[in-house]
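Starting from the known structure of chain A, arrange chain B on it as the hints suggest.
Protein chains in written order, with the numbering used here: chain A, 1 to 386; chain B, 1001 to 1383.
Errors might be hidden in some of the hints.
Capping the alpha-carbon separation at 25 Å, the derived lysine-lysine pairs in BS3-like fashion look like this [what the hints assert, rightly or not]:
id, chain 1, residue 1, chain 2, residue 2
1, A, Lys300, B, Lys1334
2, A, Lys146, B, Lys1272
3, A, Lys117, A, Lys197
4, A, Lys293, B, Lys1334
5, B, Lys1236, B, Lys1143
6, B, Lys1236, B, Lys1203
7, A, Lys185, B, Lys1272
8, B, Lys1182, B, Lys1124
9, A, Lys127, A, Lys185
10, A, Lys117, A, Lys293
11, A, Lys115, A, Lys197
12, B, Lys1236, B, Lys1112
13, B, Lys1381, A, Lys293
14, B, Lys1124, B, Lys1194
15, B, Lys1236, B, Lys1381
These are computed hints drawn from the structure, not numbers from a lab. Note that this is a predicted model, so its numbers are computed, not measured.
Residue strings, one per chain:
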Amino acid sequence: MKEFDLIDPPCITEELRMLREQLRRFIAEEVLPVADNWEREGRIPRPVFRRLGELGLLGMRHPVEHGGTDLGPVASVLWAEELARSGYGGLPASVLVHTDMSSTHISRRGTEEQKRKYLPDIIRGEKIVAIAVTEPGAGSDVAGMKARAVRDGDHWVINGSKLYITNGVYGDIYIVAARTDPEAKGSRGISLFIVEKGTPGLVVARELEKHGDLCSDTAELYFDNLRVPDSSMLGELNKGFYAVMDNFQNERLVMAGSSIGASARAIELTLDHVRTRQAFGGTLWDLQATRQKLAMLATKVAAARALTYSAAELEALGKDCVREISMAKIFACEVNVEVVNSCLQLHGGSGFMRGMAIERMTRDARIQTIGGGATEVMLEEVGKRL
Amino acid sequence: MLNLDQDYLSDEHRQFREQLSRFIAREVVPHGAQWEAAGTLPREVYQQMGELGFLGLAIPAEYGGTELDALATVVFGEELGRSSFGGFGSAVSDHADMAAPVIARAASEDLKRRVLPDIASGRKILGFAVTEPGGGSDLTRMKTTATRSGDHWLLNGQKTFITSAVSADVFITVARTDPQAKGGNGFSVFFIEKGGKGFTNGKNFDKTGWCSADMSELFFDNFAVPAANMLGEEGKGFYMLMQGLERERMSLCAQCIGMMERAITITLEHVKSRAAYGRTLWDLQAIRHEMAGYVSEVSAAKLMLYHAAARKVRGESTRLETSMLKAQVPQLLKRVADGCVQMHGAAGYMRGTEIERIFRDARPYSLGGGAAAVMLDEVAKLL
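Looking at chain A on its own, in the form it has when it is part of the complex (with noise of 0.2 Å):
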């Protein structure tokens, strides 16, 4: 199959484009022969993790003294955008959540002894780490979270339950948000925690059945007086809030990522298709209508790249970017969904089959748009900066 590739922006140096390399070998040798098994059984193995680990790629994010690589946020999309290439949206889903969303509030504001404790088993894929903020009454609203810690001498005692909770089942390590001062309003008095699988009173409810992301897990969570140590806080009392929010930033440039590779491998299979696909006397790339169609989701997709680099070079230079970062988030999954769907279209009656790699695609793209801020969402962050 001719690949479909876009032109690199010059933030993708060569020291990237090596890294992404590798990662391309990675996933044709070793993911694509075997992820449909892990579409069934609904987990990655964690060999795979331990794989990713030995090569190096888990630690794009976490400080060098600590066995990191420390590369920064354009890294980070470049990374999303390759695991998404492989048209496994669970693969990017349990993989970004583990390097990019959780295990950073580690390394951002983490403790020496904390970094130490938890960031080499982390960066060698032996320890998978989930972050626990949704809650069934509280999705992109965040500060709507109704767990509580409440303290017992050097102990807090948490009660609650956690939703839609990624790595959830197989994790290691959570890093949960709860109430630490209930007479705090909204956002104020919420505080992180770092809870090991295997701590008593932390319960894995049930897996979730999804419509799609299938090879990636996910839990409801609930917490019956469990019990952590002071030491396990991570980061200020009070201020998870902010973490959480700052955190975002990263997580939502890694949506903004994947949704810009998956979006590039479905028209790269779409485009094989309507080339060999015989009607109306020709094949449909024959027809106006199906190139203009194609030529158009190319063009987006264009667009969404350049505008997802350019915002994470904006982060990498420590520039306030919260509207790029939001504008980028709701661009590139606002096309992926439009890119799949319109593919899957172009693949008439054999799209929706089980089994087809665009089926899939269009089932895992649907969660882009909800997930890490839903773009309603990212439209008021946007509005507020106007």
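Just chain B now, with coordinates in the frame of chain A:
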């Protein structure tokens, strides 16, 4: 939502809707999830529907049907769609409102007497087997052949994406009877019965949605069909089938309308009760406007559908209207279902949530029965 019953429907239509909707609430919705898991509809559903007279709307009274008009097709489709089980709707409408009319229209008197009563009563399940691996919306690419041999035709070839291929007892199918003919000429339509030498069906397909209907392939290997089972004239099958397209499109669009109205109803319930940002989602203007937009667009589509059906009842052609409808309404359904998932948040991404199933079930309406792009070509031809 816009109710057009007073403006367009007779008492008979309204009664039909009322009975069907009661049946669906009692006998379909409570069991639908089991049928989805099983991947097919139980035979008893057809029998129950047959006993209540729901399957005979395209069949004249003398063969056990009730023969209703195009507005009844709209009512039938809307209520099937409103069940929100797209698989149930597609299998039942294929049987009663798409394949049965072909027999009623083109079969010999003998054949009609022999098969239509069983179809009207739901004792036999009927499928419609046209699509082939290399020929979907472009029917002229069909490769299945039928060769005359004494008082039989020998069928050879393969059909795919056939709803009820596993569960149906009888099918309407199409094959090339004149290999020399070009374009739409040289095709003939046959009534075939499952079983017999040279007939096999594939395994049930695993699909995105429509899971309560089975779907698979049919294979013909020198499968002998009695000459008396040809429907309509030899070589004119393509044109005979085209006579049914308007009705088919109306049925599919009516299913889309029913499904959209259901999606909007449950989403309004959700956004009006879901707490967020200290109030409910409904307190947000963007949510209210989006829902208002969907209801407006669905109402416009519904009006056009009723308008087309009323014209059809008067005996006028609705080729333009039904092509426009089929080009646009399934696309609108995809948009509405997608928007409604979005308003449900991550819950809308979870299996077991009704809107999640609607979103999956919405997908094939713009692929089957003439893909959206093909419908636009149909419209353009008439401009």
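Here is how each hint holds up against the structure:
no. : hint                     : in the structure
1   : Lys300/A with Lys1334/B  : 20 Å, holds
2   : Lys146/A with Lys1272/B  : 21 Å, holds
3   : Lys117/A with Lys197/A   : 15 Å, holds
4   : Lys293/A with Lys1334/B  : 18 Å, holds
5   : Lys1236/B with Lys1143/B : 16 Å, holds
6   : Lys1236/B with Lys1203/B : 32 Å, violated
7   : Lys185/A with Lys1272/B  : 24 Å, holds
8   : Lys1182/B with Lys1124/B : 35 Å, violated
9   : Lys127/A with Lys185/A   : 35 Å, violated
10  : Lys117/A with Lys293/A   : 52 Å, violated
11  : Lys115/A with Lys197/A   : 18 Å, holds
12  : Lys1236/B with Lys1112/B : 19 Å, holds
13  : Lys1381/B with Lys293/A  : 21 Å, holds
14  : Lys1124/B with Lys1194/B : 11 Å, holds
15  : Lys1236/B with Lys1381/B : 22 Å, holds
Going through the hint list in order, the structure does not satisfy hints 6, 8, 9, 10.
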